[in-house]
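A.B. asks: Line by line, the protein sequences are chains P, R, Y and S. FYI, the numbering for the first sequence is 1 to 377, going by this note's numbering. FYI, the numbering for the second sequence is 1 to 164, going by this note's numbering. FYI, the numbering for the third sequence is 1 to 171, going by this note's numbering. FYI, the numbering for the fourth sequence is 1 to 348, going by this note's numbering.
If you are wondering where the hints come from, they were derived from the structure by calculation, not from laboratory data. This structure is a prediction, so every number in the text was calculated from the model and none was measured. Just so you know, not all the hints are guaranteed correct.
What the hints assert, rightly or not - Restricting the straight-line Cα-Cα distance to at most 25 Å, the calculated cross-link-like pairs of lysine-lysine (BS3-like) are: (1) R:61 with S:244; (2) Y:47 with P:351; (3) P:213 with Y:47; (4) P:213 with P:357; (5) R:46 with P:193.
To be verified - Covered by chain R, according to a simulated footprint, are these stretches of chain P (three or more residues, beta-carbon under 8 Å): (6) 16 to 23; (7) 45 to 52; (8) 71 to 80; (9) 134 to 142.
A virtual CB, placed ideally from N, CA and C, is assigned to each residue, including glycine.
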Amino acid sequence: MFDSSEWLNTDLNTFEIGPYDYRLQAPMKLSLKADGELIVSAAIETGFLHKGVEKALEIQKWRASIAYADRLDSSAAVFAELALCLGVEEIIMLPVPPRAQKIRIILSELNRISSHLACVAAVARSTGALAVMHHVLRDREQVLDLLELVSGARFSPNFLRFGGVKEDVSDGFIEKMIETCETILIRLKEYDKTLIFSDTFIGRAKKVGLIEKKLANETGMTGPNAKATGLMYDVRSSSPYSGYADIDINVPLAPAGHEHLGDAYARILIRIQEIATSIDILKQAAEKMPIGDFCSKKPEDEIIVPRGEAYIRVESSRGLLGCHVVSDGGPTPARIQFRTPSMAGVMALPKVLPGNKLDDLSVILSSMDLGMSEVDK
Amino acid sequence: MAGRKNQAGIGTLQRAITWARKRSLWYIAACHGCCAEELTNVLGCKYDIERFGCIPQIDPKQADLLFVAGPVSYKIAPYLKGLYEEMPFPKWVISVGSCTNCGGAFAPEYSYSVIAGVDKIIPIDIYIPGCPPRPEAIMNGLIKLIEVISGLENGQKDIAIETK
Amino acid sequence: MDKKTLLSKLNEVVPGAVLRKQRMGRSEMVCLWIETKSIQRVAEIIKQDNEISLDWLENLSAMQIGEALVFTYVVSSWKFGSTLILRGSADINVSGGIVSFPSVTKTWPMAIAFESEIEELFGVSFQDGTLHKKEKSLLLHGWVGFPLRKDYVFPKQVLGISHCQQVTSNV
Amino acid sequence: MTPWTSFFPWVNDYFPSWVQSFFGVFIATLLVIVPLLTIFVYLSRKISADIHARIGPAVVGPAGMFQPVADLLKILQRHTVVKEAPLAPLIWFYLRWMIFFSTIAIIPLGFAASIFNSELGILFFFWIVLAAMLATMFVGISHGSAQGWFLGMQIWAQAVAGAFPASVTIVCAALHSGSFQWTMVVDQQGFSPLYWSAFSNPFQFISFLVFLSSGVALVGLSNILDGVFVYNDYGKGMRIILSKLLYCYSIFLWSIMAVILYLGAWNLPPRLISAATYIGGNPAVNITQLGCLFIKCFFLMLVMVFLNNALPRRRSDQITYYCWRILGPLSLLALFGEGVINIGGMLK
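Working from the sequences, and respecting the hints, build out all of it.
C.D. replies: This is how it looks when you write it as structure tokens:
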């Protein structure tokens, strides 16, 4: 990354980029030392969005813990719900009817598409392509309308229950979902022309924010950021959970010799391809949707969780989301800990930023899609 | 020069200034966590608030309106207060979502690090309930703020926005 | 790498380290209780040994059960995709309130983030890990008390702002 | 005795000529430049909203027509920011503004109306824009903060990179039309596009494209950097308006130069000229010429709006690389080609 020809060996300017800044996607403090235009060293301070979710989960009863799992990170809400529900179901040994599993897959894939579209919109905004940003937000609205049609809420749906789903999916929903999938596939081609393959964007995103495979390995990075560096790990295919077993997923991966390996451009490509795979999964889930009841537990039943613990892995839109649920038989959970995927991104930042130009800071941060409310819990 | 005064005793110059203030509210958004996602959609093209003359600004010195969205932790409270102080008068604050209104899901008995209501550090003009509130609710709060600025008693509607 | 050979290798290299072997809840993952003083040694072995090569610390979570802090290391390997869970525990009421526990950042660098979080929320100081600058700090500087402990009492007032529900007059 | 004052002959015996030209400039600014720029601000917001598939300002007046008026009035009456500005950036800021707006005196508003019709014509314009960019750099440097210094240098590097190909293309255009004087340049071109000098020969077309794209580097995109640091720190209402007006005016200036040099400014078909003289005599002709000039110039300004709002934008070091490595040689090629054609012409 450091081609020494660009060194100015001037004395280093320090740039303090505070919590509220137009270049950052979420509040964090960055203190950068820059030699002219090149960033030399970066230090990050987080913790500004610390809400104490895990303490709140220990105070609330079991029934309310799903709503708090939503609030962990709003753009990847369904995944935290899914992880928590799977954990508790494993402790209670509660069978989940196959129809509910398919509905859960549909919900999580819709949430993944809306989270990736939000990341593409952020990258378009950071490179100045405001038109593409608005078009991406318009298409994201269609996905959010689907989530609202199912669960009534656009972001934190609070739709999953222990043992299944809150309500059945109305029959008009499946057709509307297939129709939205078609329009989004067409829109993806439109983004290719306006943003992805326009040479100004390639110029802005090429060799920017380079993450080597070794660094991704060292910080335990998963999800699109790691797939862009060639690190093949996807929980849906390696250890399928909740009905992913009979759905074949071709996980996008940047091949080893890829000329954009690990930079911001590869991350955006991987996210676009993940949207395509999610659409493919949605179609398969729609075909294989069995008939049956949607929840193996009546809403009015009392939730009694015996002593026990479980560790669940779920593929969230930012990577591996782990949930370690511990219950001591009481009415409230003993301990619920989330292993959030963006933590690896935050840890890797001080090693990714040096060597890049100061103008590219917002491109790097938006292409890594760091969910700060996930990191600070 | 005693301009012609209307029945509320406000001179034409003052009415012109309030007209200008309510029709061009440049806003800056303090985004923390969940409700911030709704603010990007409100800026987006389906629920566009630039129709009301609201341009997103990148610097508090240029902004008149501050959207506070999402749970405000004690660690970011001084910076939020600093952001509010940097804005020139006259300025207004809209608090989006129940986390900033009253602590919401992270009320004081459930969370130790979220301020129970941002009106403990900065004065707030409009409270928008919801967790997260729908974009229509945020726009309704904005229209309510425009009505408050133009001094209409509650219930009276802003004719220009109603007809559009 | 099945359980038998893993256990035998561990016992012969670090005798007496593995206290108990059990299943993790109802899943088929193996969970080994390790005595605190030889955690670093065990971590070293399972990472360097090329048949086991558990080189990715997936998750490090702490919880307080009764009077003890239990640390759960979920370790898996990129090569084989296998997962192992190590358990360590430490007594919580130590004089001065700060529990000391050996750190594993030397073998798994990604443990820095997990450990700094646990340091703040549980009041643990991890011994002789890599000297990492406290990059990721969660709470306000100088926060009194460790929030995730069971006996934690919520603050009455923080930064001059009263931590209570009723709406004070506009500041 | 400019044709504009032919309306009221008594003007000559009361006011000396420099007072007339002063009032000419004053009126030209108030009646022509400022309303044109407010229309441009409104249209740029409405069109960029349309590009983004949304409705632009729609509440103020019919289809949001008076939105710039509301913005203007709001900015003016806003209370001052707490920090009072140190002297150095202020001086350079106002100097830059004065340099830019001094060009109003020499804008050729129509054939006979150019108040100051000198031999230097086009070159005079070009060096003024460059001087204004230099003043911007000093605004940045005297700002004192690392970010201010850094952004000031960035603006100046981008300006110089844009200036070199622009100056070569100006020389090439003057070579084509024989002199730097406005009137001579315009006489070479006719009303129909075939006679425009941009399409007269391939080298002129290259120099037209190079002139436009170097204008984007020199003037068009600099607004992002201005708006970020200097005026915000001491952003009193009036200064924000000035910097916004300045940005729109610099685009207007550059597109007027492009129209005059390459797109056959204010040449009207003979039948239209005779009709205009029949209706209102000489001033009516001037007004139609002015209208023709501004319509053409308007379309070029909308290109700048499109570049700013729709497509992804290059970094400033990529812009300077693009100017030096691609636009520079292209403009030299155009100059060389133009020279060959002239020599060919002379030998004939």
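A.B. asks: It remains to establish, for every hint, whether it holds in the given structure.
C.D. replies: Here is what the structure says about each hint:
| no. | hint | result |
| --- | --- | --- |
| 1 | R:61 with S:244 | holds, 15 Å |
| 2 | Y:47 with P:351 | holds, 23 Å |
| 3 | P:213 with Y:47 | holds, 18 Å |
| 4 | P:213 with P:357 | holds, 21 Å |
| 5 | R:46 with P:193 | holds, 22 Å |
| 6 | 16 to 23 | holds (count 4) |
| 7 | 45 to 52 | holds (count 6) |
| 8 | 71 to 80 | holds (count 4) |
| 9 | 134 to 142 | holds (count 6) |
Hint check: no violations occur; every hint is consistent with the structure.
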